[in-house]
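Here is what each chain is made of, one letter per residue.
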Amino acid sequence: MGEHKDRNIECVLAILQKKNPASTKEIMAMRDLFPKLCAGCASGGDVVLAGKSLVEKGIVERKWSSIGFIWELVSDPGYEK
Amino acid sequence: MKNNKGVKMVVWSRIRKDFPVLNQLYEGKNLIYFDSACMALKPVQVWNAMEYYYKYLGACGGAGRSTHCLGLETSLLTEEARKKMTSFINASDVNEIIWTRNATEGLNIIAATIPLKKEQNIVTTTLEHHSGMLPFLKRSKEVGSEFRLVRAKNDGTFDIADFEKQIDDNTKIVSFVHASNLTGTIAPLKEIIEIAHDHGALVVSDEAQYAPHAKLDVKNLDTDFSVLSIHKACGPTGVGVLYGKYDLLEELDMFLVGGDVIEDVIYENGQITAKYLPPPQKFEAGLQNYGGMMGASAAVDYLQNIGMDNIRQREQVFSKKLLEGILEIDKFDVLGPLDYKQRTALVSFRPKSAEINHNDIAEYFNDMLPQHKILMRAGNMCVHPFQYQIGMSPAKGEGIIRASLYIYNTINEIEIFLSALEDFAKIIE
Ligand SMILES: Cc1ncc(COP(=O)(O)O)c(C=O)c1O
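If you read the sequences in order, they're chains A and B.
If you count by my numbering, then the first sequence holds residues 1 to 81, one letter each, in order.
If you count by my numbering, then the second sequence holds residues 82 to 510, one letter each, in order.
FYI, nobody ran anything at the bench for these hints, they're computed from the structure.
As the structure is a prediction and not an experimental result, all values here were calculated from the model.
The beta carbon of each residue, even a glycine, is placed where N, CA and C say it ideally should be.
Keep in mind that a hint or two might mislead.
What the hints assert, rightly or not - For each label pair, taking beta carbons as the anchor points, the in silico distance ranges come out as: (1) A:E56 x B:D390: 44 to 50 Å; (2) B:P359 x A:L33: 56 to 62 Å; (3) B:Y469 x A:Q17: 29 to 35 Å; (4) B:L408 x A:L33: 36 to 42 Å; (5) A:K52 x B:H280: 32 to 38 Å; (6) A:K52 x B:R232: 34 to 40 Å; (7) B:L106 x A:E56: 18 to 24 Å.
Said to hold, decoys possible - Below are the BS3-like pairs computed for lysine-lysine, each with C-alpha atoms no more than 30 Å apart in a straight line: (8) B:K110 x A:K63; (9) A:K52 x B:K300; (10) A:K52 x B:K433; (11) B:K300 x B:K422; (12) B:K401 x B:K89; (13) B:K433 x A:K19.
Okay, chain A solo, but in the shape it has when bound (with noise of 0.2 Å):
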């Protein structure tokens, strides 16, 4: 997971290990679990570009419903290479 620099990655993430899946208002209300990492995490925005760029490393899922979208942690990012 040290891999990950963007630290809003590492907090979506980590709230993704806590509850999986996880739409973003979830994972907004979920951030102060994590005040260090999420610290940088001020808007659903950031959830957005920090869950589409887990999207494109194919570690995270996303699916839309009708409260948003939702983020499935799909494979372990610490095995990610």
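Put chain B with the ligand on the given structure of chain A with help from the hints.
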């Protein structure tokens, strides 16, 4: 082309062609750009002007700089740009125009350099962009002077009586947003300026969202200072304008000092004495963004060729259609006045039942439509205080989506958007 009343007719489809960004498919989809309140797109005329500088000049200009042929032409073109800007806002004199990086820098210059005493107060409103509020909050804290707020009404309009209550004979300056980037409200600036002047107070008007969309006449308004954001007016990024009445600019202290602001720096008897140039040079420290000024000049030409009244008229048609369309769907709360005539062509909205984060909505329109990407901004638009006032909590991640239109948009795009929004409302029901 003129109509039978002799009024210039604008062929809007031709205008759109000047913006190649809109004539591309992005990831195979058509782009609908509804984010002009953040950043306006740039027509070819603007990049041609900038390209000319970078390709054929590339030199430094301005007072006391190189006088070779390239430096001279750079100076001539940038002074021409200053003249164009003077006429664009109807200032009295070219020396009242100061180039800045953006509107924020202009506001910081005023807030930091205006003579202010502890017993004086600064007045601003709850609807200000943070850039029109925080520089003044910071300064008032530094000096220990009172910082007063006029509360906008919850519909984003103002009650003039509230200004009469807050502005008094101790008010030094009123910082005020002419057109809001959140609610689109066009405020009664002239009346507010009159109240301020009756009390001997100065006014700085934030024109970032007004000047690109309607005729700004600083002389007629009698505003003391105004700031403009050129990147919202089809111009290049990194260029802004600060306007100030000349005698007031003379009174202001320096903001940045160094090269290009001085007449002489004398070393005598072991002492350094700096002699500064008069405005506008005294506020333009260091080598400047010459290419940007030329781009700004082309942008202003471009807008004036269309005609600011034509732009305002066109945007009112957009505003009416967009506002009424969103309201008709009846699933979204709209921020700001419900009368389109009181607005610029931007609408901020959010779902009435907020189970969904606003950023997801912007991303839905960016990514999930089959044929289009509708580009809007989601967030708090740097106007947190007003959102707290109306019961939203930016801290808890609550915000809005903003659709903001400009000269290159079309009615057809609004229709596509409204139809997609209606479908979207059904999905989240
Ligand atoms: C009303 C208003 N004022 C000030 C600003 C700041 O403008 P700039 O980015 O040019 O500093 C903005 C930018 O969005 C704005 O909308």
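Hints versus structure:
Between A:E56 and B:D390 the C-beta distance comes to about 47 Å, which sits within the given range of 44 to 50 Å. In this structure the hint that B:P359 and A:L33 lie 56 to 62 Å apart at CB holds, the actual value being about 57 Å. The hinted range of 29 to 35 Å is satisfied by B:Y469 and A:Q17, whose Cβ atoms lie roughly 33 Å apart. Roughly 39 Å separates the CB atoms of B:L408 and A:L33, a value that falls within the hinted 36 to 42 Å.
Between A:K52 and B:H280 the Cβ separation comes to about 52 Å, which falls outside the hinted range of 32 to 38 Å. Distance hint for A:K52 and B:R232: a CB-CB separation of about 39 Å, consistent with the stated range 34 to 40 Å. For B:L106 and A:E56, the Cβ-Cβ distance of about 21 Å falls inside the hinted range of 18 to 24 Å, so the restraint holds. A distance of roughly 20 Å separates the Cα atoms of B:K110 and A:K63; the hinted pair therefore holds under the 30 Å criterion.
Distance check on the hinted pair: A:K52 and B:K300 sit about 49 Å apart at the alpha-carbon level, beyond 30 Å; violated. Between A:K52 and B:K433 the alpha-carbon distance is near 27 Å, which keeps this suggested pair within the 30 Å criterion. Our distance criterion of 30 Å between C-alpha atoms is met by B:K300 and B:K422, whose separation comes to about 23 Å. Our distance criterion of 30 Å between C-alpha atoms is met by B:K401 and B:K89, whose separation comes to about 23 Å.
Annotation: proposed proximity of B:K433 to A:K19 holds, straight-line Cα distance about 27 Å (limit 30 Å).
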